[in-house]
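Chemist: Quick note, the sequences are listed as chains A and B, same order. For the record, in the first sequence the residue sitting at position 167 is 167 according to my numbering, with numbers rising by one throughout. For the record, in the second sequence the residue sitting at position 47 is 47 according to my numbering, with numbers rising by one throughout.
Hints listed in this document are in silico derivations from the structure and should not be mistaken for laboratory results. Some hints here could point you the wrong way.
[To be verified] Using 27 angstroms as the maximum straight-line C-alpha spacing, the simulated DSSO-like pairs for lysine-lysine come out as follows: (1) A:K202 to B:K329; (2) A:K347 to B:K165; (3) B:K165 to A:K41; (4) A:K288 to A:K322; (5) A:K5 to B:K165; (6) A:K347 to B:K329; (7) A:K51 to A:K86; (8) A:K37 to B:K165.
Computed from a prediction, not measured in an experiment: that's the story for all the values here.
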Amino acid sequence: MTIEKTEELLLNMGPQHPSMHGLFRMVVNLEGETVTKLVPKVGYLHRGMEKLAESRTYSQFIPYTDRLDYLASPHNNWAYVLTVEKLMGVEIPERAEYLRVIFGELSRIASHQVCIASTALDMAGWSLWSYAFRDRERICDMYEMTAGSRLTVNNMRIGGMSNEPPAEFWPALQSFLDDTPEMLEEYYGMFFGNEIAQGRLKSVGILSKELAENLSITGPVLRASGVSFDVRKAEPYSIYDRFDFDVPVRTGCDSYDRTIIRMDEIVESIKIIKQAVRDIPEGPIMAKVPKVIKPPVGEVYHRVENPKGELGFYIVSDGTTKPARVRIRPATFINLQMLPIVCLGWKIQDVVAIFATLDAVLGEVDK
Amino acid sequence: METLSKLMKTLDNLFLIIAHFIRGLFADPQSVWANLTMSIINFIIVVVIVVLAALILILLERKVAGWTSQRSGPNRLGPRGWFQTIADALKLMGKEDVTPAGADKFIFKVAPMMIFSLPMMTLAVIPYGNGLAPIDLDLGIFYFLAVGAISTVAFVMAGWGSNNKYSLLGAMRAVAQMISYEIPLIFSLLGVVMITQSFNLGVIVEKQATVPFILLQPLAFVIYIIAGLAECNRAPFDLVEADQEVVAGPFTEYTGLRWGLFFLGEYGNLTAMSALAATVFLGGWQGPAILPGFVWFFMKVGIIIFFSMWVRWTFPRIRIDHLMHLAWKVLLPLSILNIMLTGLGIYIYRLVMGG
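All chains should be built: construct the whole structure from the sequences, respecting the hints.
Modeler: So this is what it looks like as structure tokens:
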């Protein structure tokens, strides 16, 4: 006699899985191909960033922040140095502020390009992937001109910037800015305008406005759910209050809008960079900060709008050269909370697409 | 001019002349031994076609991929990277042959052989030139489709035998997809069969001397190409081996030559699908007499294969429910409509022509 029964398939996706964006792991219960339960398991890439910070001096920790969200490393540098500067009360020169904005927005564009590319790749849109990476290459070249490295840029210092961009940086930046509209049109025409791609993304993985707010989702994922919240506007840091730009909001709440909103944001970033290039003053790029950085006793929290969402650093200083405690509020780690809720009832291939639209970078998720 | 057309005729019949010569070596050209020898030679030729096709197509695919995504593709080994596939094949032979623990060993090992043997069986009935079908079957199309359908079983065997959940998911997808798309595929060919009143592929090609059936059956051709891509598991219908979702589906656990056999089988299937399309819709070996018939045939096959590669590297993968929707709610009704229209056309034609 045979016993016939059906049971759910317990599938372990990741860490070594082609579309897990690094080393993410999730355990999925499948009924056929439909997801009935999803448990994200983070921590495979955990390097103990916060603990490492306690045994490094304030300046020594800057390169480590590059390794958080390694697709937008200038932004992580920026968030960290801003926090330390806030703790020390350092005013930084105007030119350094503008350069920071330029590099921050360039990194936002680069990060969004990777997101668009990998979303396409997770749906087998191979060509768009290489097109987007081709364009991102130009940003990497600009990084290389300035700081010597292409991914972990590490060109911000407590009190300013490490070095001035060379003369060939500015024409390269200008030509990149000029080519962007055409570039975005190409992305749309090649992939997102495609019927199959729209079928894969539209009305898939609905993250309602209420849910997004309750889960403290931030960044483009939140704005694609119809909430207009951007730290650059809500709590302008650095010199963002001087620029004229919009916060793109979409109300589709689905995978499609979560991806397309990144194209809108690239347009806004281009606007900001253009204004920054126009207004940038001459002058020093480094404030007068002591050789040995010893912030006063105290604690501080500062947040910035990382390409993926709100990135915050909380630093407790005990008056020595090393921080007593550093806490990182990563954007995608918190955004990932939506995954087990939103993916329920969708097919396994939609889960891959939904995960791609979150633009998770495991360096930041696992810290 | 006279000599040229004579030369062309000789070239056209080159293989027939060779075959005739070999048969002539036997005392009785129609004896069992002569037939057996010819069968063996035919078999070897078909194997060579499948392997050569795979060798060329893998390189071509990588070149087309490079072309669509603005990179150069393989360009290091040999002139313009032409030897890359050979190097890859050698590399595959050197790989360890792993059978996963808990695998159903027999099924696991038979599946790749089965996948590899199917395109050879299907390609054996294709007329490559005038009278150049290795096996001239009266039920050519019928045989082709019946044998082609077996590949579903091979995929399930690979998926089940591997003892891997991703493979199993891929195998389940293979069953759902291939069985669904078989029906529009078969129905799309029925129109041609109705016009020619024959299942014999040689006859079908001969009837296209004046007009290729793509002009009479454009809808059927489109349905056939879509369903054929789905049957071959080519993008955008490559859900079976979707590497972003089920890693490589049924092939996940395979290594070395067994995996290579899957690859050969996949490209063999693509060739077979394109060869049938060229035979049934594009007029097979028919073409202006400036080139021998088999050259025309392979050019037509090449165009369809290039088209499928182009589609693969530009289209994203379709969603599984949309896939089913397309098969059952779009392609199937359209193919039935095509059959009705063809019947109506034949009826009117007979009324007018008084046939």
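Chemist: Where does the structure disagree with the numbered hints, that is, which hint numbers, in rising order?
Modeler: Per hint list: zero violations.
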